[in-house]
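Listed below are the residues making up each chain.
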Amino acid sequence: MIELKNIRKTFRVAKRNAGLKAAAKALFRKEYTEIHALQDVSFKINDGEMIGYIGPNGAGKSSTIKIMSGVLTPDSGECLINGRVPWKERAAHVQEIGVVFGQRSQLWWDVPVIDSFELIRDIYRVPEEKYRKNLEDLTELLDIGEIVKTPARQLSLGQRMRCEIAASLLHDPRILFLDEPTIGLDAVSKIAVRDFVKTINREKGTTVILTTHDMQDIEALTERILLIGKGKILLDGSLEQLKSRKSTHRTLTVDYVGERLPLLPEMQVKKDLDGHAEIVLDTEKLSISDAIAHISAAAEVKDISVAGENIDDLVVSLYKEFAL
Amino acid sequence: MKLYFRYLSMLLKSQMQYKASFFMMVVGQFLVSFTTFLGMWFMFDRIQSVDGFTFSEVLLCFALMLLAFSATECFARGFDRFPALIRSGELDRILVRPRGVIFQVLTANVEFSRMGRFAQAILVLAYAIPTSGIVWTGDKILTLTLMFVGGLGVFTALFVLYAGISFFTIEGLEFMNIFTDGSREFGRYPLSIYGEGVLKFLTYVIPVALFQYYPLLYLTGRSQNQGLIFLPVLGMLFLIPCYLFFRFGLRKYQSTGS
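So the protein lines, in turn, are chains Y and G.
Following the numbering used here, the numbering of the first sequence begins with 1014 at its first residue and continues without gaps.
Following the numbering used here, the numbering of the second sequence begins with 65 at its first residue and continues without gaps.
The hints are simulated quantities; they were obtained by calculation from the structure and are not laboratory data.
For glycine and all other residues, C-beta sits at the position ideal for the given N, C-alpha and C.
Treat the hints loosely; a few may be bogus.
[Unchecked claim] Chain G stretches covered by chain Y per the calculated footprint, using a threshold of three residues with CB under 8 Å from any CB of chain Y: (1) 68 to 75; (2) 241 to 251.
[Said to hold, decoys possible] Beta-carbon label-pair distances, calculated as ranges: (3) Y/V1329 x G/R311: 34 to 40 Å; (4) G/L301 x Y/D1208: 52 to 58 Å; (5) Y/I1127 x G/V269: 45 to 51 Å; (6) G/L301 x Y/L1170: 28 to 34 Å; (7) Y/R1145 x G/L301: 43 to 49 Å; (8) G/I205 x Y/T1046: 55 to 61 Å; (9) G/D245 x Y/K1217: 48 to 54 Å; (10) Y/T1046 x G/G261: 37 to 43 Å; (11) G/W105 x Y/E1044: 48 to 54 Å.
[What the hints assert, rightly or not] Pulled from the structure, derived: some chain G residues nowhere near chain Y, Cβ distances all over 12 Å: (12) M89; (13) F108; (14) G202; (15) T267; (16) Y282; (17) F294; (18) V297.
Required output: the full structure, derived from the provided sequences and hints.
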């Protein structure tokens, strides 16, 4: 159970102009700008939930994760995770969480991954029996049996990420924080990581909090979305709710025989070339069935498909709506 | 403690991945401090004593300082590299693990190549101990041991202080080297030769003299006051304010974006 109430965090950042003169001046007197990374963030997450935490760069995602994982102390507000205040009972708190920072490694760079795993076992005081079992399960699920004997620096990004995730789950955490776990991965690795996260959430009931810029991650994984922007929670709801909020627009993709597709004024053409057209329409003005009826009457249609607004577009329009 | 040795073996394994580089570092470290030694040797070839201390006595001082400093650099390297730990986000990783922060910083980096300096210090000490003309009774051996332990404590404290400051500013940290490297360089000679002012500073502000000059007086028979033997322990109390300052900095820690 995770509960955040009115969390605020402000950073003081030294600012100075470019150039040597400014640098010399900064030696003597510094000017600071205050950055309000988090202003009044509150939410509640139940055990076993899978949360997608999204927002543009600099919105405060990482700051929130760092507060929840006990790295940062907020200026004010309450945060209670499994009954503990993270930054006050750091050691006891982190024993129950796993954290994967997508862009940073927790494996020792120059030694085989399995050596890192064993050291992590000792750091978290995982009993030998439990370690064996977890290691067995994780190597099988993540398919890393072959690569754990390789030094971390020789692994591909996808292989390394799978090892990172395994490393953060060796001590059976109840909560798993994933900070951009699929960043830079190829399609196959992405899918492998997603499948795994789903499995671990379903079978072990691990609460998963995922920050990402990859909307496919969100689509594939999470039922609930928290949108943060400029340090505030803007939206808290299901993906479906999010979609229905914005999606009166539909895209029709049509393959047809002929030169040009005759259109109604309510249709917007995105492209129309060599018998392949993409048309956007507002379903409040023109229903999909009417649109299809019109098109199939006017041209010989080979193929037609309807797509809801792309989730990337959805998020962009949300960002716009909240003027981020 | 068992975990500490596991960390050590891990770091040793890592550093042994680059064997050639490792041994070159060890040899390099040895040579660098060897030139310092040569400098002293040539100087004492011309003048017989400095402020009344003979060559062997100064060597004793030099070896002890080198021993304490290289051991600190080897084992407390994590604090020495602390700004890098902050910048790379390694500190975040440390904070999400259920072990003490100090312990994890100590184990984040152990610089085994400092063994080169350490070996040199041992050699010089092996030469200075018999030639210094000191009769090595139990109390003298205790003095020497405490001088080493005290040096370890004071240097570690300086490193911790350095790490604490880096929470607030990364710029201008170089000035701290005056205290760390500076104490080491100053400490090659009995601190009294620099005059009253420096001696007072190094007694009351940064307690280097407490494990170097005063016990040396007892060691070389210049003073009979047995209280001097335990001054290095007093010097180690310097760890307390430095540690508290580090804790204070940690609370103000801002982390870096990712």
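Here is how each hint holds up against the structure:
Remark: the segment 68 to 75 of chain G is confirmed as covered by chain Y, as 3 of its residues place a Cβ nearer than 8 Å to a Cβ of that chain, reaching the required three. Counting residues of the segment 241 to 251 of chain G whose C-beta lies closer than 8 Å to any C-beta of chain Y gives 0; at least three are required, and the coverage claim is violated. Taken as a hint, the range 34 to 40 Å is violated for the pair Y/V1329 and G/R311, whose Cβ atoms sit roughly 44 Å apart. Remark: the range hint 52 to 58 Å for G/L301 to Y/D1208 is upheld by a beta-carbon distance near 57 Å.
Checked against the given bound of 45 to 51 Å, the beta carbons of Y/I1127 and G/V269, roughly 49 Å apart, stay inside it. The beta-carbon spacing between G/L301 and Y/L1170, approximately 49 Å, falls outside the hinted interval of 28 to 34 Å. Checking the proposed 43 to 49 Å range against Y/R1145 and G/L301 shows it holds: the Cβ atoms sit about 46 Å from each other. Between G/I205 and Y/T1046 the C-beta distance comes to about 59 Å, which sits within the given range of 55 to 61 Å.
Taking 48 to 54 Å as the suggested C-beta distance range, the pair G/D245 and Y/K1217 conforms, at roughly 52 Å. Remark: the range hint 37 to 43 Å for Y/T1046 to G/G261 is upheld by a beta-carbon distance near 42 Å. The given range of 48 to 54 Å is respected by G/W105 and Y/E1044, whose C-beta atoms sit roughly 53 Å from each other. Interface exclusion of G/M89 from chain Y stands, the closest Cβ pair being 15 Å apart, more than 12 Å.
Against the 12 Å criterion, G/F108 stays outside the reach of chain Y, whose nearest CB is about 42 Å from its own CB. Taking the minimum C-beta to C-beta distance to chain Y, about 40 Å, the non-interface status of G/G202 holds against the 12 Å cut. The claim that G/T267 lies off the interface holds: its Cβ sits roughly 31 Å from the closest Cβ of chain Y, which is beyond the 12 Å cut-off. Every beta carbon of chain Y lies more than 12 Å from that of G/Y282, the smallest distance being close to 43 Å; the non-interface claim holds.
Against chain Y, the non-interface label of G/F294 holds: every CB pair exceeds 12 Å, the least being about 35 Å. With a cut of 12 Å on Cβ distances, G/V297 stays outside the contact zone with chain Y, its closest approach being about 30 Å.
Checked against the numbered hints given earlier, the structure breaks hints 2, 3, 6 and satisfies all the rest.
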